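Read off the chains here:
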Amino acid sequence: MPECFTSQQWLGQHSEKTILVSDDLIDSFATLSGDRCPIHVDDGFAQSRGYRSRIAHGALLAALVSGIIGMELPREHGVLQQIQLSFHNPCYAGDTIRIRVEVKELIESVQTILMRVSIRNQAGQLIAKGTWQSGLKVRER
Amino acid sequence: MDNLLSRLEEVFRLVFDDDALVLRDDMSAKDVEDWDSLQHINLVIAVEKRFSIRFATAEISRLKEPGQNIGSFRRLLEEKLTAKA
Chain A
1 MPECFTSQQW
11 LGQHSEKTIL
21 VSDDLIDSFA
31 TLSGDRCPIH
41 VDDGFAQSRG
51 YRSRIAHGAL
61 LAALVSGIIG
71 MELPREHGVL
81 QQIQLSFHNP
91 CYAGDTIRIR
101 VEVKELIESV
111 QTILMRVSIR
121 NQAGQLIAKG
131 TWQSGLKVRE
141 R
Chain B
1001 MDNLLSRLEE
1011 VFRLVFDDDA
1021 LVLRDDMSAK
1031 DVEDWDSLQH
1041 INLVIAVEKR
1051 FSIRFATAEI
1061 SRLKEPGQNI
1071 GSFRRLLEEK
1081 LTAKA
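Same order as they appear, the protein sequences are chains A and B.
Under my numbering, the first residue of the first sequence is numbered 1, with each subsequent residue one higher.
Under my numbering, the first residue of the second sequence is numbered 1001, with each subsequent residue one higher.
Simulated from the structure, these hints should not be mistaken for laboratory data.
Just so we're clear, the structure is a prediction, and the values are computed from it rather than from any experiment.
One should not assume that every hint holds.
[What the hints assert, rightly or not] Once the Cα atoms are required to be at most 25 Å apart in a straight line, the calculated SDA-like pairs of lysine to any residue come out as: (1) B:1064 to A:136; (2) B:1049 to A:130; (3) A:129 to B:1050; (4) B:1080 to B:1067; (5) A:129 to B:1049; (6) B:1064 to A:106; (7) B:1049 to A:32; (8) B:1080 to A:110; (9) B:1049 to A:39; (10) B:1084 to A:11.
Model the full assembly from the supplied sequences, consistent with the hints where possible.
Take a look at the structure:
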């Protein structure tokens, strides 16, 4: 990604990343967030609720999106304003997810970009999707 | 109530999640609960989408100057809609 974009150059920019959602990652997030709900940390409990095994926190998935937003697109050029995510299927410990972020709209008047976010598992199944809204903090050329 | 002000009020009610919100020309940001910088951005985005128009950055910046109010916003909207027609 170039160091400096004009506003129009944001449209269509995208980034993708594949991440293994390991047991360690879920455990670390449970510790960090304090959310040790058994659905996230106890396979037996999750199975009693109809899941194959314990499932990742929705907020963990959002945090992984944040990693892409902050390090790849729009990186230091943006500041988070708003997140909207819906969760369609569980993400299990051991799943490898593919996160895609794409700039779908630029609102020049308020220097804001709307990014479409999707998270799919190794089978291509939709885990979550939504919109990430960032204000642009970029100097125009 | 002026038809445009009424349509603008619908957008305000959605953005500020307040079905009882009633707009008047002399109101400003301090008269609307939670009208902060983020809500200002969301309001502009919602108005642009609702009326299928685009504001210029300078037009939006001017709305933040002292003395600007809902009436200023409504008049700007009127100008944009007239120019579009």
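(request) Could you grab the alpha-carbon distance between residue 1084 of chain B and residue 11 of chain A and see if it respects the 25 Å cut-off? (result) 24 Å, holds
(message) Can you confirm whether the C-alpha distance between residue 129 of chain A and residue 1049 of chain B stays at or below 25 Å?
(response) 22 Å, holds
(message) Just to be careful, I want the Cα atoms of residue 1080 of chain B and residue 1067 of chain B compared with a cutoff of 25 Å; is the pair within it?
(response) Satisfied, since the Cα-Cα distance of roughly 21 Å is no more than 25 Å.
(message) What's the verdict on residue 1064 of chain B and residue 136 of chain A, does the C-alpha distance respect the 25 Å limit or exceed it?
(response) Holds - the C-alpha atoms of residue 136 of chain A and residue 1064 of chain B are around 19 Å apart, at most 25 Å.
(request) Mind checking the alpha carbons of residue 1049 of chain B and residue 39 of chain A for me, to see if they're no more than 25 Å apart? (result) Distance of about 40 Å is beyond 25 Å: violated.
(request) Verify the proposed pairing of residue 129 of chain A with residue 1050 of chain B, using a straight-line Cα cut of 25 Å. (result) Distance ~24 Å between residue 129 of chain A and residue 1050 of chain B Cα, so the pair holds.
(request) Would you mind confirming whether the straight-line C-alpha gap from residue 1080 of chain B to residue 110 of chain A stays at or under 25 Å? (result) OK: residue 1080 of chain B and residue 110 of chain A at ~16 Å, within 25 Å.
(message) Hinted pair, alpha-carbon criterion (25 Å max): residue 1049 of chain B, residue 32 of chain A. Please report holds or violated.
(response) Violated, at roughly 39 Å.
(request) For the pair supplied as a hint, residue 1049 of chain B and residue 130 of chain A, confirm whether the alpha-carbon distance does not exceed 25 Å. (result) 18 Å, holds
(message) Check the hint pairing residue 1064 of chain B with residue 106 of chain A against an upper bound of 25 Å on the C-alpha distance.
(response) Given that 25 Å is the threshold and the Cα spacing comes to 21 Å, the pair holds.
Figure legend: structure checked against the earlier numbered hints; hints not met, in rising order: 7 and 9.
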